[in-house]
Amino acid sequence: MPDVTQIVMAGADDRDLTKLAEYEAIGGYRALAKARAMTPAEVTDELIASELRGRGGAFFATGRKWSFVPKPDQVPNPHYLVVNADESEPGSFKDNEIMARVPHRFFEGCLITAHAVESKDVFVYIRGEYTGPYEVLVDALEELSKRPDLRGDVTIVLHRGAGAYICGEETALIESLEGKRGQPRSKPPFPAISGLYASPTVVNNVETMATVAPIVEMGGAEYAKLGVENSRGTRVVSVSGHVANGGNYEIENGLSLRDIIFRADLGGGVPGGRALKAVIPGGSSTVILTGDEIDVGYDFDSLLKLNTAMGSAGIVCLDERVCMVQLGIRVSEFYEHESCGKCTPCREGTRWMTTILRKLEDGRASRDELDLLLDVCDRINGKCLCPLGETAAVAVASYVAKFRDEFLAHLDGAGCPFGDASPLDHVLAPVAMHTHSPVAEVPA
Amino acid sequence: MSAKLFDEIQDVRARYPEGSRSAVLPALRLAQERYGWLTPDAFREVADALELTPAYCKSVASFYDMFDLAPVGRHKVEVCTNVSCALYGAQQVLEAFESELGCRAGETSGDGAVTLRAIECLGGCGWGTVVAVDHEYRLRVQPEDAVAIVEELRGA
Amino acid sequence: MSAQPELVTVTIDERSVEVPKGTGMVETAAAAGIEIPVFCYEPRLGAAVGACRMCLVEIEGMPKLQAGCTLSAQDGMVVRTARTSEKAAEGQNSTLEFILVNHPLDCPVCDKGGECPLQDLTFRYGPGNTRMQFPKRTFEKPIPISPLIALDRERCILCYRCTRFSESVSEDGQLVAENRGAGSVIATFEDEPYRAHFSGNVTELCPVGALTSTQYRFEGRPWEIQNVPTVCGMCPVGCNISATTREGKVKRILSRNHPEVDEGWLCDKGRFAFGHLRAADRLSEPLRRAGGRRYVPISWDEALDDAERLLRDAGPSIVTALSGGESVEQAYALARLLRIGLGAHAAVLPEDVPDTLDHYRAPLSAIRDAKSIAVLSDEPVVERAPIVDLWLRAARRNGAAISYEAPAGAVDVLVTDDPDQATRVTAAAVYYLPRTPNGRGVTDAWSCASDGEPADEEPRLVIVSGDEAATDPSVRALAERADAVIGIGMFEEDFRGLADLVLPATSYLERDGTTVNLEGRLQRQRRAVLAPCPDELAWISRLGERFEVEISPHASVVFGEISSRCYGGIEFGDVGERAELPAAAVSKPPTATPASDKLSQTTSGGRGAGAGAGGALRLVAYRPLFSGPAVERTPELHFQRPDGEVELAYDDARARGIRGGDTVTVSSNGTALQLRARLSRELRAGTVRIPRDTAADLHPTVEVTK
Ligand SMILES: Cc1cc2nc3c(=O)[nH]c(=O)nc-3n(C[C@H](O)[C@H](O)[C@H](O)COP(=O)(O)O)c2cc1C
Ligand code: SF4
Ligand code: FES
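Protein chains in written order, with numbering that gives the first Met the number 0: chain A, 0 to 443; chain B, 0 to 155; chain C, 0 to 705.
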């Protein structure tokens with residue numbers, strides 16, 4: 000990893016931190032002891048001081064979230080900590096690497112958080128496909144279980160998902176963890192009040208958890224010196240697509256997107272001397288940026304000015320060959336496939352979007368249908384039960400807004416000007432793969 | 000009926016609060032590992048072990064992509080074709096597997112060895128094309144790697 | 000009583016309305032006379048899920064539209080519905096457009112047409128035309144999900160009402176959603192029939208024509224039908240129903256929500272068994288035995304002559320066997336005829352309900368709010384009084400502790416099939432589950448007609464009133480010992496070979512009268528259709544004249560007489576459409592003696608019997624809900640009959656290594672049956688249950704082995 004301040008991944012380049020001994024050798028689990036010497040409220044205050052915001056996508060202030068949990072004397076039900084390790088946002092693969100390389104820092108964060116929210120039961124909901132990280136966690140947990148001094152009276156259960164993007168949404172995750180179909184719940188009540196088993200529950204992302212121990216160790220105020228206003232500390236960003244060095248990089252918040260993509264020690268630029276056409280800045284749910292919009296700080300406020308977000312920090316780079324209609328199809332197909340089917344606008348709207356986009360790509364659409372696409376997006380947006388459908392609509396609408404000419408060029412029999420020169424040409428998506436179990440065939 | 004599966008499910012069940020249904024997903028996973036796919040009888044067994052109905056268990060299973068509700072091959076090759084992997088050429092990788100296996104994505108090769116699928120983002124976007132071979136990730140897979148992978152599976 | 004709820008003021012479309020804090024927004028708006036349209040919202044199914052997004056409203060201070068159904072009234076809330084908010088109107092219009100994207104719009108051939116919320120709301124809130132230019136989702140249609148219910152997946156709007164009913168009201172776990180997203184479908188496991196006591200409710204819950212009754216398919220359009228408000232006569236709950244009739248025939252039965260009795264749910268027997276009205280062997284004229292099993296039809300004058308002769312020959316040595324399905328008025332009229340006219344006081348009464356039960360009277364809905372409940376019933380509650388089972392489930396979801404063993408201390412609620420338990424268990428409310436629909440009313444009516452004591456002698460004449468009595472083995476045995484038998488019934492086969500004279504009877508859907516349910520609630524039944532024969536009161540009245548007993552042919556007059564003796568003088572016309580429950584009798588009887596020791600005396604086997612791997616188990620041969628003369632004559636209900644099943648207590652099964660679905664051997668004294676095990680946690684340890692017909696020759700103590 001490059002010479003940036005490392006918090007989450009610190010030490011992982013030099014040692015095998017999957018081993019408890021190695022992790023302890025660099026001071027691991029000291030923060031846990033320190034936290035346990037503090038009251039839960041003091042630990043929460045430290046997090047509030049750090050200004051850490053959740054790394055799962057919604058960017059909610061972590062310390063504040065913990066402070067919403069009622070005290071055990073207010074609500075006698077057990078309190079739960081649920082860790083969101085369902086990472087499935089296209090473009091994001093940071094939690095994968097965090098769990099695989101610094102499992103103990105992750106668990107240490109879980110144990111500190113459990114202390115802060117007075118929970119004895121931690122559930123780590125890890126996406127079913129992550130066999131590698133799962134095995135690392137199993138081994139690390141086994142080492143930990145032999146150390147009652149560290150584990151204390153906290154039980155950590157690893158719960159494996161089974162393939163459903165929506166289970167990353169916290170209430171769908173809770174449903175899934177309760178053994179149900181992973182469909183989001185209507186909020187309120189929020190999980191902090193009534194979450195897992197109708198009990199107070201904190202849901203936090205893997206990276207958030209892996210940041211907790213360093214914060215307690217260095218002190219919240221010290222952590223808050225890193226980064227920029229409203230986006231403190233570091234962030235592990237996932238860089239993929241048309242860059243030389245795809246991978247995860249821990250950066251200080253506020254570093255420019257251009258640096259992330261082009262610096263030799265980071266993304267390393269677009270290969271083949273091609274021009275950067277567009278960047279998805281925070282996973283496929285975020286509004287796209289053109290290649291000209293990347294001189295922007297990678298932080299909440301700066302990206303908000305461009306109507307977009309860090310999301311789950313999945314930065315996808317697209318070079319000049321990529322057709323934006325094809326991108327729209329592939330993204331829309333993803334959301335159509337992953338729509339849980341509970342609320343009407345998302346279930347029906349994403350399917351409708353895909354249908355119109357396919358017509359556009361084939362040149363079978365008129366200007367009216369392009370308008371219809373935007374109208375359908377508009378009609379999904381703001382009306383769904385959870386953000387899945389809405390982000391799909393917003394993301395696709397942003398492709399049209401920023402590459403309008405390209406969409407217009409497809410109309411009225413013209414068809415795709417890129418064709419198979421674009422790497423996204425006729426990519427087979429699971430939703431189109433009708434024989435794929437279990438999602439039923441939707442005959443035309 | 001398998002007494003072993005029943006007992007394994009009871010072990011899993013004990014990890015969660017009494018009366019909860021949390022063991023459904025792990026139990027389905029165990030059943031699938033045992034029978035290769037979730038047969039009607041597998042659902043009946045899981046339902047019995049968890050005091051639920053087979054309909055409920057299938058309702059849950061069918062929500063998730065990783066459960067197989069129809070017979071599959073002895074091995075699975077799952078090619079991520081989401082945006083990042085597609086930018087690296089996932090479609091060509093998928094097609095290489097199709098021609099190597101002689102079946103289309105979503106199908107099982109004629110010899111019953113391998114089920115091939117396109118799959119949504121596997122969470123390895125920077126290392127694409129990612130292919131999960133029996134749930135183990137292979138990174139930076141190129142179309143020409145298909146031959147060796149298929150050989151490996153057929154030999155195994 | 001709980002404290003007065005705090006009132007809050009909410010402004011909806013500029014109208015302000017005061018409601019208790021926390022009232023649902025849909026109800027709050029309704030209180031202001033404003034409709035918030037809904038599809039998925041149905042408070043009886045539990046907390047709102049906010050799935051369909053039909054109810055979108057604008058709330059001041061919230062940037063996004065909100066699902067009105069998920070909101071509750073908070074003080075000062077300012078709400079705008081589609082009437083005054085363009086944004087909300089656009090939201091609802093969007094939802095409808097999305098719903099219609101895949102809807103077939105086959106209203107002209109849809110049974111729901113004319114009474115369809117989707118049709119209705121589309122007309123009022125929907126887009127004028129479709130902008131969708133791609134093929135709709137198509138499915139094979141309609142598919143039978145049971146012999147009773149058809150599912151048309153193309154019409155389904157995925158509101159999940161039906162699956163939520165199955166999952167969290169009846170808790171049968173049979174009707175579910177499969178797959179995800181746009182591929183989601185409503186389904187049963189492997190297309191097996193939806194076999195559950197309450198399945199029919201989903202046809203009423205479905206807001207579109209996706210789930211329909213196979214009996215009602217193409218049978219009527221809303222403008223051709225009439226709905227008669229009455230009360231079900233199939234079991235002692237007495238659910239409030241509407242009988243839909245067309246051209247003098249009953250076409251379907253719908254619920255008519257009585258919030259204290261049934262909450263708008265019906266069991267499948269009550270809903271679907273009306274086909275018995277037109278059974279092939281339905282009697283319409285009197286029959287006289289012409290030797291053996293041969294009968295000839297006779298005129299009513301001849302029949303009354305025959306009856307008079309048979310009655311006079313027998314004098315007072317007559318026993319009347321009642322079914323418990325008669326109306327209060329019928330039973331009373333019969334009692335007047337026989338007891339006053341002939342001094343024939345002997346009767347086989349369907350129920351013996353001690354008056355002490357009136358001290359523990361409470362509406363069924365009180366079960367839902369109980370914290371501790373004892374269910375001491377050998378027979379499954381659901382088979383005897385189905386809706387009570389739903390109330391118990393609601394209580395458990397609310398956190399009630401339900402015990403199936405005699406409780407150590409006092410409980411809020413006792414549910415039992417043994418009236419004596421009321422004196423053993425200390426409970427605030429006791430629900431005795433009678434065996435018959437109107438056993439209590441029939442017993443009341445018979446008793447209050449006279450004070451005469453029956454003579455203790457072998458009967459010369461037995462009067463068998465009703466098909467239930469005619470198919471009861473003990474009644475048949477009694478009848479066989481008598482010189483003569485008069486039958487009063489609906490179905491020829493039930494009386495063939497048994498009676499010398501058979502008089503045709505009406506069904507509860509064909510007469511006016513009253514009935515008393517298990518709570519002790521007096522309810523009014525109304526004639527929905529004409530019977531194929533005269534009303535019982537008409538000929539009993541005429542027969543009465545011959546014995547100089549005055550009996551009115553009018554139910555209202557007959558009721559007036561009983562009411563002054565039994566029901567506090569209430570008038571026939573005042574037994575409301577949603578009848579009230581009389582208050583519990585005031586002075587409580589002496590405190591009950593602690594239960595546990597006494598209970599074990601009354602039940603053989605008892606607790607320890609199930610312990611250990613071997614042990615004999617006590618057999619309860621119960622009468623299934625889906626049995627009896629009406630069900631026998633409704634072929635589409637036959638799949639509901641429990642077939643070849645044995646219900647085992649969970650722990651007893653595990654101790655024997657038995658799992659649900661296993662084939663087990665149930666044996667006693669040389670009889671052995673192979674049955675499919677069903678495991679239950681709602682059964683006392685040491686007990687097994689087998690339907691009466693299946694159990695046939697088994698003895699009361701059985702061994703169960705794998
Ligand atoms: C459709 C959808 C998918 C999501 N997927 C994830 C995910 O994979 N991982 C994650 O941590 N958060 C995900 N989230 C965000 C979670 O709902 C939740 O905000 C987060 O887990 C909270 O943790 P944090 O505060 O530590 O970020 C998702 C949200 C939505 C709406
Ligand atoms: S079948 Fe009817 S009740 Fe069930 S989900 Fe579909 S529309 Fe709703
Ligand atoms: S009625 Fe509110 S979302 Fe369906």
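Hints were generated in silico from the structure; no laboratory data involved.
None of the values given here were measured: they were computed from a predicted structure.
Hints are not guaranteed to be accurate.
[Stated by the list, open to error] Derived pair list, reagent style DSSO-like, types lysine-lysine, alpha-carbon separation capped at 30 Å:
{"id": "1", "chain 1": "B", "residue 1": "3", "chain 2": "A", "residue 2": "145"}
{"id": "2", "chain 1": "C", "residue 1": "140", "chain 2": "A", "residue 2": "186"}
{"id": "3", "chain 1": "B", "residue 1": "3", "chain 2": "C", "residue 2": "705"}
{"id": "4", "chain 1": "A", "residue 1": "401", "chain 2": "C", "residue 2": "86"}
{"id": "5", "chain 1": "C", "residue 1": "140", "chain 2": "A", "residue 2": "358"}
{"id": "6", "chain 1": "A", "residue 1": "70", "chain 2": "C", "residue 2": "86"}
{"id": "7", "chain 1": "A", "residue 1": "33", "chain 2": "C", "residue 2": "140"}
{"id": "8", "chain 1": "A", "residue 1": "401", "chain 2": "C", "residue 2": "705"}
{"id": "9", "chain 1": "A", "residue 1": "304", "chain 2": "C", "residue 2": "705"}
{"id": "10", "chain 1": "C", "residue 1": "135", "chain 2": "A", "residue 2": "179"}
{"id": "11", "chain 1": "A", "residue 1": "179", "chain 2": "C", "residue 2": "63"}
{"id": "12", "chain 1": "C", "residue 1": "20", "chain 2": "A", "residue 2": "186"}
{"id": "13", "chain 1": "A", "residue 1": "70", "chain 2": "C", "residue 2": "20"}
{"id": "14", "chain 1": "C", "residue 1": "705", "chain 2": "A", "residue 2": "358"}
{"id": "15", "chain 1": "C", "residue 1": "248", "chain 2": "A", "residue 2": "179"}
{"id": "16", "chain 1": "A", "residue 1": "18", "chain 2": "B", "residue 2": "3"}
{"id": "17", "chain 1": "C", "residue 1": "705", "chain 2": "A", "residue 2": "119"}
{"id": "18", "chain 1": "A", "residue 1": "179", "chain 2": "C", "residue 2": "86"}
{"id": "19", "chain 1": "C", "residue 1": "705", "chain 2": "A", "residue 2": "186"}
{"id": "20", "chain 1": "A", "residue 1": "179", "chain 2": "B", "residue 2": "75"}
Consistency of the hints with the structure:
no.: 1; hint: 3(B) with 145(A); in the structure: 28 Å, holds
no.: 2; hint: 140(C) with 186(A); in the structure: 36 Å, violated
no.: 3; hint: 3(B) with 705(C); in the structure: 18 Å, holds
no.: 4; hint: 401(A) with 86(C); in the structure: 26 Å, holds
no.: 5; hint: 140(C) with 358(A); in the structure: 29 Å, holds
no.: 6; hint: 70(A) with 86(C); in the structure: 40 Å, violated
no.: 7; hint: 33(A) with 140(C); in the structure: 65 Å, violated
no.: 8; hint: 401(A) with 705(C); in the structure: 70 Å, violated
no.: 9; hint: 304(A) with 705(C); in the structure: 71 Å, violated
no.: 10; hint: 135(C) with 179(A); in the structure: 29 Å, holds
no.: 11; hint: 179(A) with 63(C); in the structure: 28 Å, holds
no.: 12; hint: 20(C) with 186(A); in the structure: 19 Å, holds
no.: 13; hint: 70(A) with 20(C); in the structure: 25 Å, holds
no.: 14; hint: 705(C) with 358(A); in the structure: 61 Å, violated
no.: 15; hint: 248(C) with 179(A); in the structure: 44 Å, violated
no.: 16; hint: 18(A) with 3(B); in the structure: 33 Å, violated
no.: 17; hint: 705(C) with 119(A); in the structure: 42 Å, violated
no.: 18; hint: 179(A) with 86(C); in the structure: 34 Å, violated
no.: 19; hint: 705(C) with 186(A); in the structure: 49 Å, violated
no.: 20; hint: 179(A) with 75(B); in the structure: 26 Å, holds
Hint compliance for this structure: hints 2, 6, 7, 8, 9, 14, 15, 16, 17, 18, 19 are broken, all remaining hints hold.
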